[in-house]
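Peer 1: Chain order of the listed sequences is A and B.
To convert, note that position 30 of the first sequence is 29 in numbering that gives the first Met the number 0; the numbers rise steadily by one, no gaps.
To convert, note that position 25 of the second sequence is 24 in numbering that gives the first Met the number 0; the numbers rise steadily by one, no gaps.
Rather than coming from a laboratory, the hints here were simulated on the basis of the structure.
Keep in mind that this is a model prediction, so the values were computed, not measured.
Hints should not be assumed to be uniformly reliable.
Covered stretches of chain A, going by a simulated chain B footprint (3 or more residues, C-beta under 8 Å) [claimed, not checked]:
| # | region |
| --- | --- |
| 1 | 131 to 140 |
| 2 | 167 to 179 |
| 3 | 218 to 225 |
| 4 | 292 to 298 |
Note that the Cβ used here is the ideal one computed from N, Cα and C, for glycine as well.
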Amino acid sequence: MNEFFTLMKPELLIMAILFLLLFIKISKGLANDKLLQFIQVLLLINFVAGFFLNAEGKLFDSMYQTNAMIVLQKNILNLGMFFISLLFTDWFRKCEHLSEFFMLMLSALLGMFYMMSSGNLLMFYLSLELATIPVAAMSNFNLDKKVSSEAAIKMILSSAFSSGILLFGISLLYGATGTLSFTEMPALLTSSPLQILAFVCLFTAFAFKMSVVPFHFWTADVYEGSPVVVTSFLSVISKGAIAFVFVSTLFKVFQPLHDIWYNMIMVLSVMTMLIGNLFALRQQNIKRFLAFSSIAQVGFILVGMSSNSTQGTASIIYFICIYIFSNLAAFGVADLISFFTGKENVDDYKGLYQTNPLLSWVLALSLFSLAGIPPTAGFFGKLFLLSAGATTGNYIFIGIAAVNMIISLYYYLRIIRAVFMDKNETPVEKISINPYTKIGLYICSAGIVLIGLLSWVYDYIESVVN
Amino acid sequence: MEPGLYHLLFISAALFFIGVYGFLTRRNLIAMLMSIELILNSVNLNFIAFNKYVWADKLDGLFFTIFVIAIAAAEAAVAIAIIINLTKNFQSIDVEETEEMKY
Chain A
0 MNEFFTLMKP
10 ELLIMAILFL
20 LLFIKISKGL
30 ANDKLLQFIQ
40 VLLLINFVAG
50 FFLNAEGKLF
60 DSMYQTNAMI
70 VLQKNILNLG
80 MFFISLLFTD
90 WFRKCEHLSE
100 FFMLMLSALL
110 GMFYMMSSGN
120 LLMFYLSLEL
130 ATIPVAAMSN
140 FNLDKKVSSE
150 AAIKMILSSA
160 FSSGILLFGI
170 SLLYGATGTL
180 SFTEMPALLT
190 SSPLQILAFV
200 CLFTAFAFKM
210 SVVPFHFWTA
220 DVYEGSPVVV
230 TSFLSVISKG
240 AIAFVFVSTL
250 FKVFQPLHDI
260 WYNMIMVLSV
270 MTMLIGNLFA
280 LRQQNIKRFL
290 AFSSIAQVGF
300 ILVGMSSNST
310 QGTASIIYFI
320 CIYIFSNLAA
330 FGVADLISFF
340 TGKENVDDYK
350 GLYQTNPLLS
360 WVLALSLFSL
370 AGIPPTAGFF
380 GKLFLLSAGA
390 TTGNYIFIGI
400 AAVNMIISLY
410 YYLRIIRAVF
420 MDKNETPVEK
430 ISINPYTKIG
440 LYICSAGIVL
450 IGLLSWVYDY
460 IESVVN
Chain B
0 MEPGLYHLLF
10 ISAALFFIGV
20 YGFLTRRNLI
30 AMLMSIELIL
40 NSVNLNFIAF
50 NKYVWADKLD
60 GLFFTIFVIA
70 IAAAEAAVAI
80 AIIINLTKNF
90 QSIDVEETEE
100 MKY
């Protein structure tokens with residue numbers, strides 16, 4: 000019984016917060032300001048508590064499993080969740096149904112936690128659905144806006160379709176191996192044609208959720224139409240969770256099929272980087288621009304995935320950790336500007352530096368980090384991903400990835416040029432940033448600079464993974 | 000003639016591809032949702048067939064079917080709620096009309 004509480008602690012904490020919010024809602028409710036502060040404190044406690052009393056083991060006939068690496072991944076996502084609650088304070092205060100919004104967001108997070116710990120395909124499918132259905136409801140939160148409901152319908156239909164394909168794959172895999180358990184699966188995989196077909200179906204579903212290129216069409220529309228909070232949740236937390244699960248399933252469960260998935264990942268990675276970059280070049284809307292830039296980043300995660308080693312896993316966790324800081328800072332700035340002025344176009348950002356120096360510096364820092372320019376953490380993240388990928392000896396592939404980093408510089412620097420150099424008669428007016436958001440922006444900027452320079456962060460992640 | 004494993008697998012594969020075809024060609028949102036239900040039901044048929052003819056000593060497949068039915072209902076509930084809201088905004092349930100954002 001005691002084991003149950005220590006092993007399932009991250010999920011139980013999230014569930015406790017969920018029920019607390021529910022009780023507050025049905026008893027008499029709180030004003031948005033107070034409720035938000037309360038939630039921020041709870042999420043901070045949740046993040047800090049993640050570091051204590053951790054254990055390794057399995058529950059429910061190995062349906063649920065956890066170890067030090069999974070706990071670390073959950074902590075990273077908890078940190079991202081806390082940043083989201085800080086950075087979008089203004090939007091949350093105006094939100095009509097704040098507690099419902101957080102309940103949906105936390106249940107999606109709960110689904111992701113179970114997904115990372117799942118040790119069985121049934122558990123995996125259930126938690127995947129728990130992680131996607133609430134997000135579709137969240138992206139419809141601007142009820143009277145056309146774009147918002149369009150984003151929601153695109154999200155729910157494409158995710159339902161992809162989970163249909165996933166289920167078809169699972170059913171064939173069940174027919175071919177007779178088991179659903181992750182621990183028994185690898186010994187039964189013999190690369191028979193039926194198993195390969197099933198694996199391709201599973202792979203497709205993962206690629207859909209991670210918006211790898213031939214399956215990326217929903218991403219840009221959903222990112223543009225949803226409220227910025229949902230966009231940042233999708234692009235940071237959701238994508239991070241799927242990447243973690245994808246890595247551990249490929250490396251552990253589908254290890255016998257390595258020859259097959261190495262080639263698939265290589266082709267998809269090149270396509271993802273190229274098409275993400277090329278489409279990002281021509282975007283005018285900042286949210287859409289960030290959507291395509293995040294597609295391109297997924298390509299780099301796939302480079303790390305191709306390594307098939309613990310070094311690859313460590314570099315992916317490190318990269319996602321940095322990605323949370325840099326992407327959330329960029330979305331935080333984009334949200335402040337679109338919330339106060341309603342402007343979302345790159346042209347509107349011209350001359351931002353004259354009126355809002357702080358926002359401009361944070362935006363510049365986060366874009367430098369996303370592009371991977373040396374003093375920032377993003378450079379080290381990409382360096383480790385590429386060097387992990389290079390261990391397979393396929394240098395042409397790594398060369399293509401490096402060329403893509405250079406292409407991506409162009410469109411990141413285009414925004415920085417608009418902010419700092421371009422003249423504008425009517426720049427965005429001065430925005431008064433509230434203290435919570437300011438703290439969030441400062442922490443994110445500090446993280447972008449420090450995570451790269453402090454070598455113990457990567458050493459710690461590597462020691463946990465090993 | 001007693002139907003065997005191959006008959007059932009053939010039917011479920013056909014059902015799956017009819018669902019995929021319907022999802023890709025239908026322009027009505029409700030019809031697209033129905034196509035997804037077809038896909039999910041083909042999966043259920045697959046599970047039952049494998050469970051009966053190949054792995055008769057295990058019950059994993061049967062349990063999975065029950066969960067798939069429940070999740071499909073939850074998904075349909077959220078999707079229909081979104082469709083209702085979309086009809087209010089667009090006065091239509093045709094996917095061709097929902098084109099505020101492109102490329």
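Peer 1: Next step is simple, just say for each hint if it's right about the structure.
Peer 2: Hints, verified against the model:
1. 131 to 140: Our answer is that it holds, as 4 residues pass the Cβ test (under 8 Å) against chain B, meeting three.
2. 167 to 179: holds (count 9)
3. 218 to 225: Our answer is that it holds, as 4 residues pass the Cβ test (under 8 Å) against chain B, meeting three.
4. 292 to 298: Violated: only 0 residues of the region 292 to 298 of chain A have a Cβ under 8 Å from chain B.
Hint violations for this structure: number 4 only, all remaining hints satisfied.
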